[in-house]
Amino acid sequence: MRLSDWQAEVQRYLLNGDATPHPVLQASLLGSAALTAEQGLAIYHNAYRARLLETLRGDYPAVHGWLGDEEFDALALAYLNAHPSQHYSLRWLGAQLADFIEGYLVPAQAAPLSELARLEWAFTLAFDALDADALSMAQMAALAAEDWPTLQVRLLPSVQWLTCRHNSLALWRACKEQSEFPGSQPLPEAQTCLVWRDQLVTRYRSLAADEATALQGMAVQGWNFAELCAELSGLGEQAPVQAVTWLRQWLSDGLLQRQSAGR
Amino acid sequence: MSTGQDSLGFGLGLRSEYYQEILEQRPAVDWFEIVSENYLVDGGKALYFLDAIGERYPLVMHGVSLSIGGPHELDRDYLRRLKHLAARVQPAWISDHLCWSRGNAHQLHDLLPLPYTEESLQHVAARVRQVQDVIERPLVLENVSSYLRCADDQFSEWQFLSALSELSGCELLLDVNNVYVSARNHGFDAWEFISSLPQQRIRQLHLAGHSDYGSYLIDTHDQPVSDPVWQLYQRTLQHLGPVSTLLERDDHFPALDELLTELNKARSVAAAALNGAPLCA
Numbered sequence: 001m002r003l004s005d006w007q008a009e010v011q012r013y014l015l016n017g018d019a020t021p022h023p024v025l026q027a028s029l030l031g032s033a034a035l036t037a038e039q040g041l042a043i044y045h046n047a048y049r050a051r052l053l054e055t056l057r058g059d060y061p062a063v064h065g066w067l068g069d070e071e072f073d074a075l076a077l078a079y080l081n082a083h084p085s086q087h088y089s090l091r092w093l094g095a096q097l098a099d100f101i102e103g104y105l106v107p108a109q110a111a112p113l114s115e116l117a118r119l120e121w122a123f124t125l126a127f128d129a130l131d132a133d134a135l136s137m138a139q140m141a142a143l144a145a146e147d148w149p150t151l152q153v154r155l156l157p158s159v160q161w162l163t164c165r166h167n168s169l170a171l172w173r174a175c176k177e178q179s180e181f182p183g184s185q186p187l188p189e190a191q192t193c194l195v196w197r198d199q200l201v202t203r204y205r206s207l208a209a210d211e212a213t214a215l216q217g218m219a220v221q222g223w224n225f226a227e228l229c230a231e232l233s234g235l236g237e238q239a240p241v242q243a244v245t246w247l248r249q250w251l252s253d254g255l256l257q258r259q260s261a262g263r
Numbered sequence: 001m002s003t004g005q006d007s008l009g010f011g012l013g014l015r016s017e018y019y020q021e022i023l024e025q026r027p028a029v030d031w032f033e034i035v036s037e038n039y040l041v042d043g044g045k046a047l048y049f050l051d052a053i054g055e056r057y058p059l060v061m062h063g064v065s066l067s068i069g070g071p072h073e074l075d076r077d078y079l080r081r082l083k084h085l086a087a088r089v090q091p092a093w094i095s096d097h098l099c100w101s102r103g104n105a106h107q108l109h110d111l112l113p114l115p116y117t118e119e120s121l122q123h124v125a126a127r128v129r130q131v132q133d134v135i136e137r138p139l140v141l142e143n144v145s146s147y148l149r150c151a152d153d154q155f156s157e158w159q160f161l162s163a164l165s166e167l168s169g170c171e172l173l174l175d176v177n178n179v180y181v182s183a184r185n186h187g188f189d190a191w192e193f194i195s196s197l198p199q200q201r202i203r204q205l206h207l208a209g210h211s212d213y214g215s216y217l218i219d220t221h222d223q224p225v226s227d228p229v230w231q232l233y234q235r236t237l238q239h240l241g242p243v244s245t246l247l248e249r250d251d252h253f254p255a256l257d258e259l260l261t262e263l264n265k266a267r268s269v270a271a272a273a274l275n276g277a278p279l280c281a
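So the sequences go chain by chain: Y and P.
If you use my numbering, the first sequence corresponds to residues 1 to 263, in order.
If you use my numbering, the second sequence corresponds to residues 1 to 281, in order.
Treat the hints with caution; some may be incorrect.
[Claimed, not checked] If you want a taste of the chain P side facing chain Y, the calculated C-beta under 7 Å gives, among others:
hint: 1; residue: Ser65
hint: 2; residue: Glu119
hint: 3; residue: Arg149
[As the list claims (entries may be wrong)] Not close to chain P: a few residues of chain Y, all C-beta gaps over 12 Å, as computed:
hint: 4; residue: Leu25
hint: 5; residue: Ala78
hint: 6; residue: Ala108
hint: 7; residue: Met137
hint: 8; residue: Gln185
[Claimed, not checked] Subject to a maximum C-alpha distance of 20 Å in a straight line, what follows is the list of computed EDC-like cross-link-like pairs (lysine to aspartate or glutamate):
hint: 9; chain 1: P; residue 1: Lys45; chain 2: Y; residue 2: Asp131
hint: 10; chain 1: P; residue 1: Lys45; chain 2: Y; residue 2: Glu9
hint: 11; chain 1: P; residue 1: Lys83; chain 2: P; residue 2: Glu55
hint: 12; chain 1: P; residue 1: Lys265; chain 2: P; residue 2: Asp250
hint: 13; chain 1: P; residue 1: Lys45; chain 2: Y; residue 2: Asp133
hint: 14; chain 1: Y; residue 1: Lys176; chain 2: P; residue 2: Glu17
hint: 15; chain 1: P; residue 1: Lys45; chain 2: P; residue 2: Glu73
hint: 16; chain 1: P; residue 1: Lys45; chain 2: P; residue 2: Glu17
Derived from the structure by calculation, the hints contain no laboratory data.
Only a predicted model underlies this, so the values are computations on that prediction, with no experimental measurement involved.
Built from N, CA and C at the ideal position, the CB exists for glycine as well.
If we strip away everything but chain Y, and leave its shape as in the complex, we get (with noise of 0.2 Å):
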């Protein structure tokens, strides 16, 4: 048999579901008195599964949590099932679990579980996302007085921007802490949340809505510390004051880079 011939009938076998050979793929191999060629073949097919299994299990872990052992693998091996590998690395396996989940389970079940995917694997986007500088109280102290205005930031590369509108971040936390499970729930309104990493540390942060559409506008709209002050200017002699809190929180946390000159 050619090799490639032979190769397609392996990888066949591995990713088929059931671990019986083809007839001509057991004629191709040879036993030994230690180790059948069936036996053989039966340790690579459980290990392609028990590696893949792991590795989504490592990246889902409050998913995993929630469904328990075999409700999760069952889940895992249909999404294997419709999204074989395709990237070089065992990182970004899990990458269209959530995605998945939404068409796999009834509306009613999708939305709780593939916003907590989402949560989790934005968590593993920011862990090992680009480094770059975050703009410090420091420099921000050091910026003169006229600059202010015209003062522009964006977010930095790890920042992942999530909206939840269920208590997703509660379900995370209490597999994070092994505490009880509280049991999914719809929030009362939509929440941002806010996964990034800080220097080496990921961190997390729910914003209420009025400062998510600040650092929107700021961070990803492009609107300069002037703009911001004017969005806010129902808040009258308050607004720069709010807009001043809020940059300072944003730079506290390692949220923002200094965006150069023009947008």
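Chain Y is fixed; fit chain P onto it per the hints.
Below, chain P without anything else, positioned relative to chain Y:
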């Protein structure tokens, strides 16, 4: 070409579980081997510790997804990233496995053995040359533990490795445990394997543990090195002279001290071997 003077001594696999301790305690490890893929990321903790540990210890890069025997085109993006990482790490050498880990359609994430045929030999040798053109140094290839043997084989595994090295100029990473595991599983003579390889091509040795399933063995890398593998290692060094030796552990990570004790055992076994002491019991 590897000689005693080139030996880096006795190394450990660099795993995130030990990052902090390595920096704080500066353990008596001569060098570390990294799994290249763990550092093919944009930023964060892994690269931070890689840089910090790389300032203090020699490093070697060991990959798991080159898929040198695969049916697909070589992954140019992977090779580009590997070369970029090598520029950062300045490794003493770059290794991967004689195997395939990707099919024509999907990644299989395992170190799958090849049929040892003339067709495989030509296929792999041509790809080794392509990789070496990119990384601009000899590729070092490791023998894998295997659980399959092809009816069409025209070479033994050691004949294949020797011929591949001759044809492509690649060097060899001899995993003594893998030889032992495959020898038990397929019923060949482990010493015939080792003693038949071209000595001057052996750049590095691996030591690791396996799990015994009665009649066969599985290379789990989650156990201490077994006694028969220590004996084979001693005999290997008597035959080869000093060669850089790495102790691998990929799961069930013990305290670092435990690994250091095992690494010291490797030093003792090597010293005995090089002094012509009788084989360890």
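Hint-by-hint comparison with the structure:
1. Ser65: holds (4 Å)
2. Glu119: holds (5 Å)
3. Arg149: holds (5 Å)
4. Leu25: Y/Leu25 not clear of chain P: closest Cβ-Cβ about 10 Å, inside 12 Å.
5. Ala78: holds (16 Å)
6. Ala108: For Y/Ala108, whose nearest Cβ neighbour in chain P is about 33 Å away, the distance exceeds 12 Å, so it holds.
7. Met137: holds (23 Å)
8. Gln185: With a cut-off of 12 Å, Y/Gln185 remains clear of chain P, as the shortest Cβ separation is near 32 Å.
9. P/Lys45 / Y/Asp131: holds (10 Å)
10. P/Lys45 / Y/Glu9: violated (40 Å)
11. P/Lys83 / P/Glu55: Holds, at roughly 19 Å.
12. P/Lys265 / P/Asp250: holds (19 Å)
13. P/Lys45 / Y/Asp133: Given pair P/Lys45, Y/Asp133 holds - Cα atoms ~15 Å apart, limit 20 Å.
14. Y/Lys176 / P/Glu17: Holds - the C-alpha atoms of P/Glu17 and Y/Lys176 are around 18 Å apart, at most 20 Å.
15. P/Lys45 / P/Glu73: violated (32 Å)
16. P/Lys45 / P/Glu17: Given pair P/Lys45, P/Glu17 holds - Cα atoms ~12 Å apart, limit 20 Å.
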